[in-house]
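Modelling step: build the complete structure from the supplied sequences, incorporating the hints.
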Amino acid sequence: MLEFENLRTYYKTPQGLLKAVDGVSFTLEKGEILGLVGESACGKTTLALSTVRLLPPAAQVMEGRILLHGEDLLSKTDDEMKKVRWKKVSIIFQGALNSLNPVLPVKEQIAEAILAHDSISRDEVDKAISRLFKAVRLDPGRRNGYPHEFSGGMKQRVMIAMAIACDPEVVIADEPTTALDVIVQRQILDLIRNLRDDLHISMILITHDLSVVAQLCDKVGIMYAGKLVEFGDIFSIFETPRHPYTQALLKSIPKMEQTRTQLSYIPGSVPDLTGEVPACRFYSRCPYAQKLCAETEPKAEATGPKSHVACHFWRDLKSH
Amino acid sequence: MVNLAYVARKVTGLLITVFLVLTFNFYLFRVLPGNPVTLLFRGVGLSAEQIRELTSQFGLDQPLWVQYSAYIRNTLSGNLGISFQSRAPVLNLVLPSLVNTAILLSVASFLSIGAGIFIGIVSAWRRGSKIDITASATTLVLYSMPTFWLGLVLLFIGVIYLHLPVGGMMTISFVTIGALPQLADLTRHMILPLMTLVLGLTGQYVLVMKGALLDVFTEDYMVTARAKGISNSKLLWDHGFRNAVLPMMSLVALNLGLSIGGAVQTETVFSWPGMGLLIYRAILARDYPVLQGAFLVVTVAVILTNFVADMLYPLLDPRVT
Amino acid sequence: MMMTVETQENESYSTSRAYIRAFSAFWGVYKRNKMGVIGLCMLIFFVVVAILAPIIAPYDPSREFLSSTLLPPSWIHLFGTNEAGQDLFSQVIYGTKASLTVGFAAAFIASTIGTLIGITAGYFGQLVRDLLMRLTDFFIVIPALVLMIVLASVMGSGLTSVVLAIGLVGWTGTARVVMSQTLSLKERAFVEASRASGAGDFYILRNHILPNVMPVVFAQTVLVVANSILYEATLTFLGLGNPNQVTWGQILQFAFVSGAILTAWWYVIPPGLSIMLVVLAFSLTGYSLDLVFNPRVRKI
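Taken in order, these protein sequences are the chains called A, B and C.
If you read the first sequence in the numbering used here, its first letter stands for residue 662, the second for the next number, and so on.
If you read the second sequence in the numbering used here, its first letter stands for residue 22, the second for the next number, and so on.
If you read the third sequence in the numbering used here, its first letter stands for residue 74, the second for the next number, and so on.
Among the clues, some could well be false.
Claimed, not checked - To give an idea of the chain C side of the interface with chain B (calculated C-beta under 10 Å), a few residues:
1. F177
2. A178
3. D210
4. A217
5. L220
6. F327
7. F329
8. I334
9. I342
10. L346
It should be emphasised that the hints constitute simulated quantities derived from the structure, not laboratory data.
Where a beta carbon is used, it is the ideal one built from N, C-alpha and C, also for glycine.
Next comes the structure, spelled out in structure tokens:
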């Protein structure tokens, strides 16, 4: 339904061209939650912003297509995009602390999203907002309040309510739980799961937290340094990870049953995306790195009907 | 919606500040060592006998706290002393002047805030464009000019080329003619001083509006708003302007002191019968009671205006109470 | 990037070499801003004029050419003459020196007061800070020009009074800036380290806080000078200066009082234009300095 085809989004910086998203391709099917996982600054948010065309002035989509039901979003005019935004694709941003306008009542902010796409009466809008509040487990009586009167978790619920207000086809949630404490995180995740079950929303869930992915997602895409290194359904990724990075990520999750007191981690750091990049982005940190990895970029190879991996040696690696 | 505790806090602040100003005013004229009488009658050769008599007449031989309490009592009951020049009570001179200055300054503030907001928004929305650069350059140049000099230049151009009046607030003979010609006459007198003030004040407002708006554009909620697909005008007004106007309002209150300075200069150049002209004439005549009274009244007026602004601010910013 | 003077660095260096290096680093950044360079050139021009006044000015500014009163500009009198027959070009030249001197002097006083108050407020505890900030706010609320007028009147008119009046009122901007700078410096590691090794407050203030506050004070002072020159012009225009001391504001005062403003444009334009250009020069330089020392400040 939502297809990313070889998306390349680069930033112009004083130090050179920063390849934030460098040839990413995958597909989101209807009614599924797709998790997009990766370390900070691996391009996940840039990808999200590219989809709704809200990139900062320094960024530009250099290549690729983003197809929503076959229509390329990247070729639409600004006016056409206004109709797409929120009605077809909505975004929940991370850090809801400042994502709401402090001087407008919360109801107004949701109402303007609805009214921008549908002409319905004020009365209908108000009823819709009450329904939305109930759907996200908020007291509808508080809908006239201002953002500073809500807690962090409540603000995030408001953001979710706002995001589903126009019945979008796709919701992109960018780190929806990162800024919240653990208990509230759990509540939000439960909420998202309930919404998926009740409303059959298709969602891209961006996160760096694999445990969140495990709880909610149907499919997972692992991103590293602007590339999609592995993609597949949740069970195969977790049970048989093929890419060394995926394997390392999974190993680094502390398990309750672990008797060892040492946490495993991935040594090294993400390469600088502006300079000369070795062919395989993971080369400097990969325990299986070979000369070929430094010379030729690994192409995505299918490992199953709906999964792929980008590594020269995935067939030879044992998946732990 | 307005919190009682907030109002109480602001009122307390107001009273304390006014009290401090009263005290400050009292000491201001006792800043120099020596007898204030010699200060007041500098240049007039006084005999020791005369000095002693005047000293007791002014109550200056009393202990300081007696003088101070007398001063406070007098001031609070409206007795601000007697003018040296005209022998009239200072209050009678100050109040009508205050009204005239208020007229000039409020129209000028209104116009310059409006212009500042408009130009500021355009400059921010089209940052780096010719309009933006022209506005910034003009602002800088105007800001570097003394207000009185701008007034002199406008006076020259206005009188010689546009046949506007040389000064004053109205033509006396018009009083009998009727309201509409009077209004036209007032307007003709007001154009030049108004222009001077507006040109001087607008720059600051443009700068703050533009800066505030540019800051707001980088906020997270702006990205959210754009993501919702709302119209550009809604974006600019409901989200951009409604937030940028907050630091702008703070500036307006802060700027009042500077505006008074501009008004003093403008009124002097154009002989507009307000506080500025009153002060100017008092300087020339060394009329200290008038100076003291004018200073007090002007400062208290500014403090009161700030207080009103504080009371209105929560209406714009729901976070403040 | 703040230019810090870390006195605890292990590297040894000769002090003068360090200053030269610091200066060329500074100039490298400063000269990137075209406006700042233009401002600086204008400043240098005016300072040179002020210093070389006796050489450049064709006549003694107080000399009265009794047969040449209120003459428009000519080759003999480049800026024309005033109602007393004095050559206005010479007056404006000599006025440069007086106006600049008053501006610098007043700014020096204002900056000193502002820095002292700012450092004290920023460094010592909450109570001191609150008190001093209330004081600063008090001075900000009072209309500045009116207060200066009152002070200058009370102290007796003349340029000394003008300088004092401006200095005693114009310190608030510096105080605020210095206070916030001191507050952030106070938390920095090298101050904590110094205190941990037993340094007293005065030592820390003198050797750590003060040197690191100076760049900001310097940039701020340049802007204060600009303002002081404007205020001096205004105060002397209103009659609070010394009629025997020629400053640009004083020339304009005579122009106004003699009623010549509606006829003798040459009386009014050159002094005012000079004020404007000098203030512009200081403003451009000041903003550029601010950019160098405080890159987060957005360009206008």
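Hints, one by one, checked against the model:
no., hint, in the structure
1, F177, "violated, 17 Å"
2, A178, "violated, 19 Å"
3, D210, "holds, 9 Å"
4, A217, "holds, 6 Å"
5, L220, "holds, 7 Å"
6, F327, "violated, 12 Å"
7, F329, "holds, 7 Å"
8, I334, "holds, 6 Å"
9, I342, "holds, 8 Å"
10, L346, "holds, 9 Å"
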